[in-house]
Amino acid sequence: MSRIGVFICHCGSNIGATVDVPKVVEAARTLPHVVYADDNKYTCSDPGQQSIRDAIEEHDLDRIVIASCSPRMHELTFRKMLHQTRINPYLLEIANIREQCSWVHKDIEAGTAKAIDLVRMAAAKIDRDTPLYTTTIPVNKRALVIGGGIAGMQAALDIADAGYPVTLVEKEPSLGGKMVMLDKTFPTMDCSACICTPKMAEVGTHPRIEVRTCAEVEKVAGYVGNFEVTIREAPKHVDYELCTGCGLCESKCPTKITSEFDQGLGKRKAIYKPFAQAVPSKPTIDAAHCRKINEGKCGVCEKLCPTGAIRFDDEEKRSTETYGAIIVAIGYQLIDWADLYGEYGGRVASPNVITGLQFERLVNASGPTEGHIQRPSDGTEPKSVVIVKCVGSRDPHKGKAYCSRACCMYGAKHAHQYLDKVPDGRCYVFYMDVRTPGKGYDEFYMNTQRDGAVYLRGRVSKIYEQGGKLVCLGEDTLAGATVQVEADLVVLETAMVPADDADRLGSMLGVTRDKDLWLSEAHPKLRPVETNSGGVYLAGTCQGPKDIPDTVAQASAAAMKVCILFSKDELESNAMIAGSDVGLCNGCGACVAICPYQAVTLEEVTRRENSVMVTRTVSNVNPGLCQGCGACTVACKPGAMDLKGFSDEQIMREVEALCL
Amino acid sequence: MRYAYFPGCSAASTGISFTLSASYVAKRIGLELVEMPDWCCCGTSAALVTSRDLAHALPARSLALAEQAGLDLDVVTPCAGCFSSLKRTVHYARQSDKNRHRLEEIIELPYAATADVMSLLEVMARPEAMEPLAAAITKSLNGLRVASYYGCALVRPQEVTCFDDPEDPQSMDSLMELAGAEPVRWAFKTECCGASHQISEPHGARRLIARVFENAAANGAEAIAVACPLCMLNLDMREAGINESRAVPFDIPVFYFTELLGLAMGGSARRLGIDRHFWPTGKAVRKALAPPPEPSPDNHSTSELPQEVTVA
Amino acid sequence: MPVNEAPTASAATAATAATAATAFEPTILAFCCHWCTYSGADLAGLNRMSYPANVRVLRVPCSGRVNPQFVLTALNKGCDGVLVCGCHPGDCHYVSGNYFARRRLMAFKRLLEFTGLEPERFQVRWISGSEAGKFRDTVIEVCDQIRALGPYRSGVSDDVSLNG
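Note that the protein sequences, when read in sequence, are chains A, B and C. Residue numbers are given in the numbering used here: position 605 of the first sequence equals residue 671, and the series is strictly consecutive. Residue numbers are given in the numbering used here: position 30 of the second sequence equals residue 31, and the series is strictly consecutive. Residue numbers are given in the numbering used here: position 29 of the third sequence equals residue 76, and the series is strictly consecutive.
With the rest of the complex left out, here is chain A:
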């Protein structure tokens, strides 16, 4: 038999003015199992709390109902108060008779009647409350950063500088991501490599950062503070312990392959560093194209290597380690425009129709043309360039409905760079709108127009080759006329889309994807770097298109969240979580499917049932992952799943108490 104490608060006159508190106390005294009821002027005040503690002692209460303001206001206050008593802090129910009663009803009779109902519901519910306990989860103070672009590097550096070890996993052979491919950065036009490569070097040499290149996250288990992560490293075929990075192998390798880093505009060798300032500054063998590995012939690199670092028989490595937090910084890729825009030539387009990223390589001093802007088809300098913005962006019919945010600025940058290098050239920019919010951005765009770039408001409907020129048919909606521009080079400023890995990593980490497969933050305004998975944070363009300043800011914010997590030795788990009754569970897995946090898993148990040992599949709730939403309880057909603190029985009692 429970012994319930009920405490009704006047909240000065806030409650007392529209609810007859003594009458509610009288009614409460008549409720089943209520052994004590009293009122108080201010229950939340120190004397108010003391009187509750005294009553608990005096009347041997084992659970209490407080009728006062909203539980969103003082539930935690009163739980803390119960910490100082022998009652479990979760044996507390609050009847909200202020916000949802006295403040909204003027009639004392009706208000008092409702207050009595609310107290009766709370008393009925608490009769079935059970003590709940939080558990503590140890925090493993090592961070994993996935992606070695500018976002991943910034986050890794910030966490490492705060004193925590970081592992940075990069899929490519070098750090740097997309930023290091760029030539200059808007609006200040500082050289991208000059500001990006020092960061790469800093990451590469930081004593608390371990860099793993050619590596991918294969499996993630566990939960906040305790992620078990399996990382797969592709074979590099070079022993980095021995390699000095002299580059002899690369210079003598006979096989030339189209360079991914140069966006198909340049060549690289089969043993290669993607670019000169790569970090780590050591080469990798591209096994798919190496003659020795594929045909057994050649082996020049092995013969020449002064330190004997070449390992043709190198194998894939897998390791599983524990991390406390994960930052996802896998960035973006550009939309594959050729599949979508047949009118621009599609798969059989002229080589002189290039993407913005290809233009970055063309204009880059360390790129395939050493910074001379040349037509890929014949190496001549284009005298007329057309820049087409919003290719794949803001085009729900063919591409994506969203704006890719950075293209207006880098489109202006490309126009500016072209006119700078080819002063007698003509540059036309087809645009839908020019969007330049940001420090110094609009000034930059206006300057580009002053440089001589001709902005035409309209879309390009067709690009075709005729007489050695690219003919662009389009519309100038401001002039209300169709236009035809003959260009030597066309630059398509294509949409940013999520990296290929986003979907796979998202489902592995329990991070939801939005309609376009960008990884979703926990709240678009107030929790922009957290995700719905505790301990998993987002940095950079994996969350949505953004420019470099925003990416770096978000990366530092994500690092800060990790540092906050690591500032504690232990985390307290939520006490009000779901739990499954093994005896009732039939292992159907409906709860597994409905759980948004991947907190429920199926596992096999062997137990005695009807004096026989049976092995059955049943569901199991991970207390570190469960957030207590209760979706699984409704999905559970045999009624095995229940939510602590809001159990089926408790809610039914409340319902019944109302319907008396």
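It cannot be assumed that every hint is accurate.
Claimed, not checked - Taking lysine-lysine pairs in the BS3-like style, the calculated list, with each CA pair at most 30 Å apart, reads: (1) B:LYS99 - C:LYS156; (2) C:LYS124 - A:LYS703; (3) A:LYS703 - C:LYS156; (4) A:LYS581 - C:LYS181; (5) A:LYS581 - C:LYS156.
For the record, the hints were derived by calculation from the structure and aren't laboratory data.
For chain A, the structure is supplied; the task is to place chains B and C on it using the hints.
The following block gives chains B and C in isolation, referenced to the frame of chain A:
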């Protein structure tokens, strides 16, 4: 291969060459075309600008009559305009029962929209037609450089036509290749020829025709193949007029793709209706039917990767 | 000891409000999710908005926690109407809970209506934490509708048997 046949209004008049050549080819590949009973004008773009209901109802009437006559066959039509109208109607009727009932109400006939509609080009580009075509082609067109011109209505809108690529279609090109012609890669396969504006806006519309010839010429086409009587009329009839204002005139004859297939099967120009064209076809036909040159020895390289070989 | 043996007053306390001894005052149970509608209801209080006292809010963590069984019990045991409120679809604090609630409760609502329940007696609404005014308006609207319908006398199962 048996289809219900919707000839369209031009079949016996301006498009007579299409009819002659199509029936010649159809007979030789075992393609049986059963003319639909009491078919009427499809309404084409004229109906569409008058009333959407009319544009759907006219084709629906013909299709419903075929159903009523127990003609349980898919429908084929040579004309791109008819194809567009008929296909759009079937698409509309299949979108919802409400749409279909509305049509039934207007035409006062039951209409189940069971039959599919295809263009003659689509039918001939199907594997079951390609096979007998390959067998029936006895002469090679001798590498005649043919620019396949699909026009705007055959492949668009794609969600309605469900046929080939809307920007770079390939079906006619593969038929031309089959006939021994060399398909030209060019950019104006699906651009509008301006047919419906030739009367009202002749100046702007002539420009559209000129663009098509310009791009075909720039890509070295010796002939243009079409699959639509209106495209044919527009290009073939007006080529001379366009040349009047040009320093360098075009000299590109226009053929129905069926005419070229017919030539490759050994059909005479007269039988196929080629002698009824406006622009002279003689040069192209002579080149196509000239005896084939000696086959050159096969010497193209097989290396896939550009490789530089330096022996260490 | 079962709760309903309690010696307190009559059925539907709200209905006994002395001011309207004869007029019918319905008892309405509102399941409100903690993160959106419950805080919206709190905000209504904070803004001293006024609405009928007939509604009793039962706090749940998420609208996805509402088992149709709760609704059936409420109707069978004497509630005149049931309201389920949660975050707007897409804004669920628990990612997807309200989507499940929407699908489940809409199917359930159709089932209830099939058995003869007036549609107004069971309603599902989406009210965010900032929509205090919408909460008040919803309560007023639902109250008016159910007051017009009159008391819900018998359980769903009884209705079915009457039809049979």
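Hint check:
no.: 1; hint: B:LYS99 - C:LYS156; result: holds (28 Å)
no.: 2; hint: C:LYS124 - A:LYS703; result: holds (23 Å)
no.: 3; hint: A:LYS703 - C:LYS156; result: holds (19 Å)
no.: 4; hint: A:LYS581 - C:LYS181; result: holds (28 Å)
no.: 5; hint: A:LYS581 - C:LYS156; result: holds (29 Å)
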